Amino acid sequence: MRADIRGRSLAPLVAALLLAACGGWSAGPVAPAPGSPSRAELEQLLAEVRVIAERPRPGGYERGCRDGDGCVFGPSWTDDHDGAGGHDGCDTRNNVLAAQLTDVRFRDGTRDCVVVSGTLDDPYTGERGAFRKADAHAVQIDHVYPLAAAWDMGASTWPTQRRVRFANDAETNLLATSARVNQAKGDGTPSEWLPPSRASHCFYAGRYLTVAVRYDLPVTAADDAALRDVARSCL
Numbered sequence: 001m002r003a004d005i006r007g008r009s010l011a012p013l014v015a016a017l018l019l020a021a022c023g024g025w026s027a028g029p030v031a032p033a034p035g036s037p038s039r040a041e042l043e044q045l046l047a048e049v050r051v052i053a054e055r056p057r058p059g060g061y062e063r064g065c066r067d068g069d070g071c072v073f074g075p076s077w078t079d080d081h082d083g084a085g086g087h088d089g090c091d092t093r094n095n096v097l098a099a100q101l102t103d104v105r106f107r108d109g110t111r112d113c114v115v116v117s118g119t120l121d122d123p124y125t126g127e128r129g130a131f132r133k134a135d136a137h138a139v140q141i142d143h144v145y146p147l148a149a150a151w152d153m154g155a156s157t158w159p160t161q162r163r164v165r166f167a168n169d170a171e172t173n174l175l176a177t178s179a180r181v182n183q184a185k186g187d188g189t190p191s192e193w194l195p196p197s198r199a200s201h202c203f204y205a206g207r208y209l210t211v212a213v214r215y216d217l218p219v220t221a222a223d224d225a226a227l228r229d230v231a232r233s234c235l
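Here my numbering is used: the first residue of the sequence shown is 1, the next is one more, and so on.
It is worth saying that the hints were derived from the structure and are not from the lab.
There could be a bad hint or two in this list.
Said to hold, decoys possible - So the derived label-pair ranges between C-beta atoms look like this:
id	residue 1	residue 2	range
1	Gly126	Asp80	33 to 39 Å
2	Asp82	Ile52	25 to 31 Å
3	Asp82	Arg57	26 to 32 Å
Keep in mind the model is a prediction, meaning the values are calculated, not measured.
In this text, a Cβ means the ideal position worked out from N, Cα and C, and glycines have one as well.
Required output: the full structure, derived from the provided sequences and hints.
Here it is in structure tokens:
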């Protein structure tokens, strides 16, 4: 009898743990991370963005720039673009690191270009960590609206100069984050991926929609639904 009672008393806890593991349960409200847009601001962006049924697959996306590659968004982190930070003598990756890290130190003789160390407050996890150039691969630069998704959603028809500007848009579309998070995100869009930290969801949604509206890129119906769910959690 005691074993039976003990088993029944554990059953709700086991069920809750299984439900949480399957993504069917969530904790209560979480305060959005600093710098996150309000619900009203997200709803305004959602009213402006174009929505399409699903992601087209036109083919032809080739990010690489070696001989024979398509190099459709230009060389990675090129300074040769007409957007903010372009033609300033410093590559885009270092521009993003310099803008996003705190306690930044630069390599001597690079005119405050090459970042050798700093502190990263990861916008997707909320975690704080040290950046060291000797271990630079641990921090990567994410395209909030992924390049492959942008290509499929309309960038394949853009002139090359516009694609290069998009790929190096440090103002809205680039964020430094951990390599593991960036690789897990891949070219996923909001219906497929959201930041590991729930507190970062409103911030990410605002960035994604800002890029989409700025470049007249659409979101899919599934992405629109996911972003509206996020917006409802924002203050």
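For each hint, the structure was consulted:
1. Gly126 with Asp80: 33 to 39 Å: 35 Å, holds
2. Asp82 with Ile52: 25 to 31 Å: Because 28 Å falls inside the window, the suggested range holds.
3. Asp82 with Arg57: 26 to 32 Å: 29 Å, holds
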